[in-house]
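Engineer: Given next are the chains, with one letter for each unit.
Number of protein chains: 2
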Amino acid sequence: MAEFTIADALKLRAGKNFHISDVDPTSTPGFDGDKDELKKEFSKFDDELYDLQERLFANGRAHGDSAPSVLLILQGMDTSGKGGAIRHVFSTFDPQGTYTTGFGKPTEEELEHDFLWRIRKHDPQPGQIVAFDRSHYEDVLIQRVHEWVDEDEIDRRIEAIREYEAELAAKGVRIIKVMLHISQDFQKENLIERTEREDKFWKYDPSDVEERQYWDDYMRAYEDAIRRTDAFHAPWYVIPSDNKRYARTALKALMVDLLRHLDLAWPPADFDPETERERIKNS
Amino acid sequence: MAEFTIADALKLRAGKNFHISDVDPTSTPGFDGDKDELKKEFSKFDDELYDLQERLFANGRAHGDSAPSVLLILQGMDTSGKGGAIRHVFSTFDPQGTYTTGFGKPTEEELEHDFLWRIRKHDPQPGQIVAFDRSHYEDVLIQRVHEWVDEDEIDRRIEAIREYEAELAAKGVRIIKVMLHISQDFQKENLIERTEREDKFWKYDPSDVEERQYWDDYMRAYEDAIRRTDAFHAPWYVIPSDNKRYARTALKALMVDLLRHLDLAWPPADFDPETERERIKNS
Chain U
1 MAEFTIADAL
11 KLRAGKNFHI
21 SDVDPTSTPG
31 FDGDKDELKK
41 EFSKFDDELY
51 DLQERLFANG
61 RAHGDSAPSV
71 LLILQGMDTS
81 GKGGAIRHVF
91 STFDPQGTYT
101 TGFGKPTEEE
111 LEHDFLWRIR
121 KHDPQPGQIV
131 AFDRSHYEDV
141 LIQRVHEWVD
151 EDEIDRRIEA
161 IREYEAELAA
171 KGVRIIKVML
181 HISQDFQKEN
191 LIERTEREDK
201 FWKYDPSDVE
211 ERQYWDDYMR
221 AYEDAIRRTD
231 AFHAPWYVIP
241 SDNKRYARTA
251 LKALMVDLLR
261 HLDLAWPPAD
271 FDPETERERI
281 KNS
Chain Y
1 MAEFTIADAL
11 KLRAGKNFHI
21 SDVDPTSTPG
31 FDGDKDELKK
41 EFSKFDDELY
51 DLQERLFANG
61 RAHGDSAPSV
71 LLILQGMDTS
81 GKGGAIRHVF
91 STFDPQGTYT
101 TGFGKPTEEE
111 LEHDFLWRIR
121 KHDPQPGQIV
131 AFDRSHYEDV
141 LIQRVHEWVD
151 EDEIDRRIEA
161 IREYEAELAA
171 KGVRIIKVML
181 HISQDFQKEN
191 LIERTEREDK
201 FWKYDPSDVE
211 ERQYWDDYMR
221 AYEDAIRRTD
231 AFHAPWYVIP
241 SDNKRYARTA
251 LKALMVDLLR
261 HLDLAWPPAD
271 FDPETERERI
281 KNS
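These protein sequence lines are chains U and Y, in that order.
If you read the first sequence in full-length UniProt numbering, its first letter stands for residue 1, the second for the next number, and so on.
If you read the second sequence in full-length UniProt numbering, its first letter stands for residue 1, the second for the next number, and so on.
I should point out that these hints are in silico values taken from the structure, not numbers from a laboratory.
Every value quoted in this text rests on a predicted model; they were computed, and no experiment measured them.
Mixed in with the good hints, there may be bad ones.
A pair holds if it fits inside one copy or across any two, identical chains being indistinguishable in the list.
[To be verified] Subject to a maximum C-alpha distance of 35 Å in a straight line, what follows is the list of computed DSBU-like cross-link-like pairs (lysine-lysine):
(1) Lys281 to Lys105
(2) Lys200 to Lys16
(3) Lys200 to Lys44
(4) Lys44 to Lys281
(5) Lys35 to Lys203
Based on the sequences and whatever the hints tell you, model everything.
Structural biologist: Shown next, in the form of structure tokens:
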């Protein structure tokens, strides 16, 4: 168990009968080694991730619209480490084939449109790996917790999300949805750090403290959204994330698994290698 | 000289009197150490690049439109290593604050618009670092070499580029333009490799061989475009790039220099740290 495997990561799947109280944010399921051992596990997928992403990118270039793409949707409470997780996983990729975007408070223009309007602008292109730092799920989380919309509207949105994700999947987008699950105590530590370090001030917002009062409501909203939107083509994983390195390792393992399943060969030569070699030599 | 400094990188500046024949693509100006020493130099800026980029991103978040941004324009002949250079420099950054895009053969829709139309869509946002793999310069390089447009049109485009870049600079975009300069022999080796390795086939295009016939014309077009568009706010650097690791190290050094000159402090707290700490503790 000082080895963390892809099979361990896959056990973090949260399906239709998911209970968020079953997940201990301080735990590290599948791994009970020490810090140094975790550091090793954290890097072991890097070369394969790089290779798999390049194959995907190459297929996008060679096969255009028929090539698949990947969408990683990351959710989690404030300070759960979404940005850092994306950074660590995506630093193994070629930035030319990836795209990362965040969804904060909607702008006035965005509020005039359906909640999926601003999301659809960022649909992955063939061969691309896209990460969403927060997403359309905010529209059934923060908005539900604060009762900014009624439950009928939540039902409508959940249905719209299911349709949207099914539509993406039908177009060849492989979706993976991940909640980085931290404890309320860990968030407290992280928020305090943001008031102590000059290089963290910019991340702190006094309203984060008010949001903490709604913790249990958020957990209920997450649980319900996860149960109702988990699907074979858009699975949810809930990663215990008080241990950041564990969370990032698990995310890498899930990405490797997803990319392996694309089963991508290198695009074949559409030229005769020998003839071309001669032409180049004579040029 | 086993140490490569920022001052060495800055000497690669190509200004109004630039002669491309003065640059030996096989050379490594400012560095004459061995492979292991170069490997060390290659990594030495990484931590600082990470820190500087995070400051820039934080300023974008905190100050919105008044925050600067960065645009790296990379040009070079086929196989000059533009993609790899971007990958290695940008892997030190947080992908959330960066954006990379390439400009290939224009689509039919793009051809119906002015040549800058497709470029302007990718203007950097405040706090962002953007890389262009090829750019609007293709419109005064490949198009000039093949005489697809006449010289009057080239003059018009050069002027349009100068205006466009000045306009970006006035909006707070810090521009850096880099040509990765390889030799014709090195390109030959690289092209042959693409016909020999299954994982490289997708990068090979038989028309690359035809383009090689126009090498001297390309060099003339590069020289002229560089001379006429170099500016204090949009400087050109020409990096000898037969040695890939040298080229990437030089590019990192230039990026460090640019980011340092932004002289970015962490955004100050817009809250009272002590009060907030108490609120968090009691929450």
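Engineer: State for each hint whether it applies.
Structural biologist: These are the hints, each one checked on the structure:
Proximity of Lys281 and Lys105 under a CA criterion of 35 Å is satisfied inter-copy only: 26 Å between copies versus 58 Å inside one chain copy. In this homomeric assembly, Lys200 and Lys16 never come within 35 Å of each other (Cα to Cα): the closest approach is 38 Å inside a single copy and 43 Å across copies. For a Cα distance limit of 35 Å, the shortest separation of Lys200 from Lys44 qualifies both inside one copy, at 30 Å, and across copies, at 24 Å. For the homomeric pair Lys44 and Lys281, neither the shortest alpha-carbon distance inside one copy (40 Å) nor that between copies (38 Å) is at most 35 Å.
Taking the closest pair of Cα atoms, Lys35 and Lys203 come within 35 Å of each other only inside a single copy of the chain (27 Å); across copies the shortest separation is 41 Å, beyond that limit.
The earlier numbered hints that this structure contradicts are 2, 4.
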